[in-house]
Amino acid sequence: MTRFRLTPVYVARAKWRTVVGVMAFALNVPTSAPGQAVPGFRLQFDQHFDRQYLFANAPNGETRTIFEAQLAPQLSIWNNLNASYDNALSGPRSWHRGSGLRFTMLTRLRMTTESSSPVRTPSYMPKLTWQLFTVRRAHESVKPESLDAHGVTSLAADLTVGHYSNGQDGCLFANQRRAANRKDCETDPSVPASPLSTNRRDGSFSMHYLEAGVYRRAISLNSTLEPAEAGVASDGYWSAGIRTRYHVSERWLGGGMSQELRDVYGGWRINATADKVWWRDKGFRGLGPGHLRLEAFVEALPGMSDAVPPVRFSVELSRSYYKHDGWGSFIRYYYGQDYYNLGFLTQLSVVQFGAMIDRDRLPGFRMPGLGRP
Amino acid sequence: MFATVAWKISEGAPHAGDIEVDVHRAFHTLQRCELWPGAALLGVRNFAQWSEVVADLQNIEQVYTTQFSFAIFEHNDRQGFVTSEPFDAAAALAVTR
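If you read the sequences in order, they're chains G and F. The first sequence runs contiguously to residue 1142 in this note's numbering. The second sequence runs contiguously to residue 198 in this note's numbering.
Treat the hints as calculated values from the structure; they're not laboratory data. Even glycine gets a Cβ: it sits at the ideal position worked out from N, Cα and C. You may find that some hints are simply not true.
If you only want the chain G side, here are some residues facing chain F, beta carbon under 7 Å, derived [what the hints assert, rightly or not]:
#1 V1001
#2 G1005
#3 M1136
Residues of chain G placed beyond 12 Å of chain F at every Cβ, according to the derived structure [unchecked claim]:
#4 S973
#5 L994
#6 E1019
#7 F1134
#8 R1135
Start from the sequences, fold in the hints, and give me the full structure.
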């Protein structure tokens, strides 16, 4: 009788199978269906919303990370963006308005390379966003050649109320210590005050903010793409937007930005984003259709300490797969102030690469039909 | 996507033969499954093909106004059907994908 023995080889294979199984589950492989060149339009798409990332930094000397993640689970309270897109090609040419309200539990975390690999002071950033948008085809005619030539235009604006903190209760700066009343912080003369540095272990970082943004998107249509659902598919878009953020003082609302933080962090941010997205019908090793995105981001940091440059920017290239819930991969170059709560006095120049979920997918449009008003 | 086309040629129409030929020309080289005379499933895969078929059928209607009428419906891929075998179910499956 042959007895099964759990040898190291079996253990190694089992681990390998586990890794493959988890990856297959995460990527939902295989899901390809013959004839579905463009996945269904009914899938909700998130326009101008946060993407989710899991990535590594290189070099990681400043961030000291094993990995970093941005998680952005969303609770959509309402969103009728799809309905606006449905109507854009029907009837006379006009703006089709809609709105959305959603709560996002935005979280950023870094697993550090320190002993025991702690996730040191995660960024906790819940926010409520109200989005207004309007969609209109760019030309009156709904003939294929006209739609292909002129496409559809989308305008959007949003207003966000958010909180940004790291859940800690220590003094903000490294040269501070608790005062005798155990509540306030006072300067610790035994620690050099210059250069100014933050208490990266348990310093308290907290603010509320108001943010407003406007965006324009030009969507190109391709009447020869073969959608699974009756309709007209888009094969790309470019968009540009500007956002501004105001950091609310703690004098107005508890948990807001303290004066000592405001003095070095600044009370405002102004940023601009532009991206170009291309349809791709084949994916690596049959992962299926999706899009390729090239995105540039730049932000001005008025009122920020001289410790970091007054501007930060990034350039990102990503590829996402529609049959896998928008999963994909990306690579990004980032330069400027460290965006990770207590890292704000640190300058980064890093390449970031890894996995991401991008649900800002290429939209589809219902066909203009004689039987539809 | 695919489409169902139904058309009617008036009884005793003097150009019934010509109309029938024009209708089938309007379908170009698209995959098709003829359900019965005057009704067919069409493998219209994109908006450009849809527009071409619709324009051709409208042209036939303009020429033979009192002798011809049609209706065309769009469908999503893999929408189901039930048949009592009056037509080629295998062809219908190919068109509906």
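Verification of the hints:
1. Because the closest C-beta pair between G/V1001 and chain F is about 5 Å apart, less than 7 Å, the hint holds.
2. Of the supplied interface hints, the one on G/G1005 is violated, with its beta-carbon coming no nearer than about 16 Å to a beta-carbon of chain F, more than 7 Å.
3. With a least beta-carbon distance of about 6 Å to chain F, the hint placing G/M1136 at the interface is held under the 7 Å criterion.
4. At roughly 54 Å, the least C-beta separation between G/S973 and chain F is larger than 12 Å, which holds for a residue marked as non-interface.
5. Under the 12 Å C-beta cut-off, the non-interface status given to G/L994 relative to chain F is violated; the minimum distance is some 6 Å.
6. Every beta carbon of chain F lies more than 12 Å from that of G/E1019, the smallest distance being close to 54 Å; the non-interface claim holds.
7. Non-interface status of G/F1134 relative to chain F is broken: a Cβ of that chain comes within 12 Å, the nearest being about 9 Å off.
8. Distance to chain F contradicts G/R1135 as a non-interface residue, since its nearest Cβ pair spans about 9 Å, not more than 12 Å.
In terms of the numbered hints stated before, the structure departs from hints 2, 5, 7, 8, listed from lowest to highest.
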